[in-house]
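Based on the sequences and whatever the hints tell you, model everything.
Chains A and B are the protein sequences, given in the same order. The first sequence stops at residue 263 when you use my numbering, and every number in between is there. The second sequence stops at residue 263 when you use my numbering, and every number in between is there.
Incorrect hints may appear among the rest.
[Claimed, not checked] Simulated pairs of lysine-lysine, BS3-like, Cα-Cα distance not exceeding 25 angstroms:
no., chain 1, residue 1, chain 2, residue 2
1, A, K183, B, K168
2, A, K183, B, K181
3, B, K183, A, K183
4, A, K181, B, K181
5, A, K230, A, K168
6, A, K178, B, K183
Please keep in mind that the hints were generated in silico from the structure rather than gathered at the bench.
Protein chains: 2
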Amino acid sequence: MRRFKVILEYDGTAFHGWQKQKNSVGLQNVLEEKLAILLRQPTLVSGASRTDAGVHALGQVIAFNVEGDKPPEIILRGINGLLPQSIRARSIEEMSPFFDPRRDAQHKSYRYTWFNHPVASPFWRRHSWHAHAPLDIAAMNQAAGSLVGEHDFSSFRAAGCTAKSPVRKILESKVIKDKERVQLRITGQAFLHQMVRIIAGTLYDIGIGKRNPGEMQAILAGKSRKLAGKTAPAEGLVLWEVVYGEIPRPGRKLLTLKV
Amino acid sequence: MRRFKVILEYDGTAFHGWQKQKNSVGLQNVLEEKLAILLRQPTLVSGASRTDAGVHALGQVIAFNVEGDKPPEIILRGINGLLPQSIRARSIEEMSPFFDPRRDAQHKSYRYTWFNHPVASPFWRRHSWHAHAPLDIAAMNQAAGSLVGEHDFSSFRAAGCTAKSPVRKILESKVIKDKERVQLRITGQAFLHQMVRIIAGTLYDIGIGKRNPGEMQAILAGKSRKLAGKTAPAEGLVLWEVVYGEIPRPGRKLLTLKV
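Set out below in structure tokens:
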């Protein structure tokens with residue numbers, strides 16, 4: 005039995021999020037169904053991030069086991085031949101049998117995009133939140149920067165979030181502008197449920213001048229969801245990259261696998 | 005009566021091209037229907053370019069007449085409020101009553117995009133042609149450059165093209181690369197039917213090494229559609245910009261209108 009890591013890109017518009025569901029189509033359902041056909045065996049797929057309905061990914065990481073000796077390139081081509089055009093496997097790599105894409109992740113990066121122009125964009129409509137009023141990038145960037153470090157993110161946590169601790173460590177958080185597109189780039193060890201979208205909703209309030217950038221620290225300190233802004237729409241969010249540290253490959257000693 | 009010029013952006017995926025049609029939805033149908041509702045008058049819309057089914061636009065230019073004194077900003081907002089999200093009017097400007105967006109155009113720019121990677125992209129699938137083999141950008145750029153100038157473009161003309169003369173003047177033609185995206189940027193006074201897509205199809209053959217860049221001139225000289233490559237898929241093409249020269253505004257003397 006071999007275990008593979010695959011980097012996945014998807015346009016989340018048409019899916020009901022990452023997780024497997026009974027009455028609607030989660031990305032996990034699609035992948036398990038197609039892999040079962042390709043590998044002729046029931047296949048369980050684990051993902052690094054449980055992206056919500058409508059959220060996209062350029063660098064989702066998944067893992068699954070394969071019996072038999074089908075070469076990795078054949079698995080990669082085979083799965084792309086079966087998947088809809090809105091999902092593509094970009095690369096494949098054999099890992100240790102214990103590889104867990106979520107728990108082994110060292111850090112994850114997300115990007116949240118606003119299209120900032122009085123008129124919305126037909127091209128960006130599926131991949132951005134339309135902000136018609138001019139956004140104050142410097143204020144947004146200042147507020148975003150104040151999230152860096154280890155904090156209690158209770159104010160930026162969805163009601164249904166089941167994480168044990170609300171403490172998370174943010175490594176990078178900045179807002180940049182590229183023509184009409186304004187983008188939050190945020191990297192952390194892990195994130196609470198809807199944390200990036202609640203941060204984006206709060207940054208939007210700061211961008212339009214409804215709040216000032218200094219309020220971000222008070223919102224953090226208050227530890228209450230009521231203090232933060234609304235949850236920004238899913239279509240603006242992209243799971244950009246999941247980074248792994250020293251992960252043992254099959255050739256290495258399995259003893260070093262788990263820390 | 006006032007005449008307005010509007011710059012239009014659209015995602016052409018769901019439309020049967022620019023032109024008005026009886027049994028399917030052309031962009032012209034949609035615009036005339038929405039403007040008739042907004043202006044409460046039957047409205048004819050002229051466009052600078054008759055983009056084919058599936059072709060996109062960032063800078064289509066349209067013109068229409070308006071009775072009454074509704075302010076331009078109200079017309080712009082009103083039309084965007086009625087149009088589907090895949091079409092947006094980006095700006096509005098009052099012109100002379102004789103303004104013809106097609107005949108008055110000084111030059112037009114198109115861009116044709118390939119997504120060049122072994123695996124197709126879910127994000128770019130509606131706005132590019134997937135080229136899985138590595139493209140030779142230098143060869144494509146050399147071939148594209150040889151189109152600059154005034155030539156008989158019979159080899160790059162669709163069978164049904166009704167233009168009187170096959171002679172066209174190309175002002176700029178180059179191929180550039182930006183990460184996985186390869187793009188033809190071409191500007192000319194006017195284009196024959198499907199000319200850019202036939203050029204793109206021929207450049208693709210050169211990019212994958214099926215033809216060499218020097219052949220472009222022989223294809224031009226041969227003046228036969230059979231010599232060029234296939235017509236590249238519509239989804240890679242964007243009408244980028246239409247440029248007008250000295251166009252009289254309403255305040256000027258109408259005598260200078262037509263050359």
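Each hint tested on the structure:
1. The straight-line distance between the Cα atoms of K183/A and K168/B is roughly 41 angstroms, outside the 25 angstroms bound, and the hint therefore fails.
2. This hinted pair checks out: K183/A and K181/B have alpha carbons roughly 19 angstroms apart, not beyond 25 angstroms.
3. With a CA separation close to 18 angstroms, the supplied pair K183/B and K183/A stays within the 25 angstroms bound.
4. As the CA atoms of K181/A and K181/B are separated by approximately 22 angstroms, the hinted pair is consistent with the 25 angstroms bound.
5. With a C-alpha separation of about 20 angstroms, the suggested pairing of K230/A with K168/A holds against the 25 angstroms cut-off.
6. The suggested pairing of K178/A with K183/B holds, with an alpha-carbon distance near 23 angstroms, which does not exceed 25 angstroms.
When held up to the earlier numbered hints, the structure conflicts with hint 1 and nothing else.
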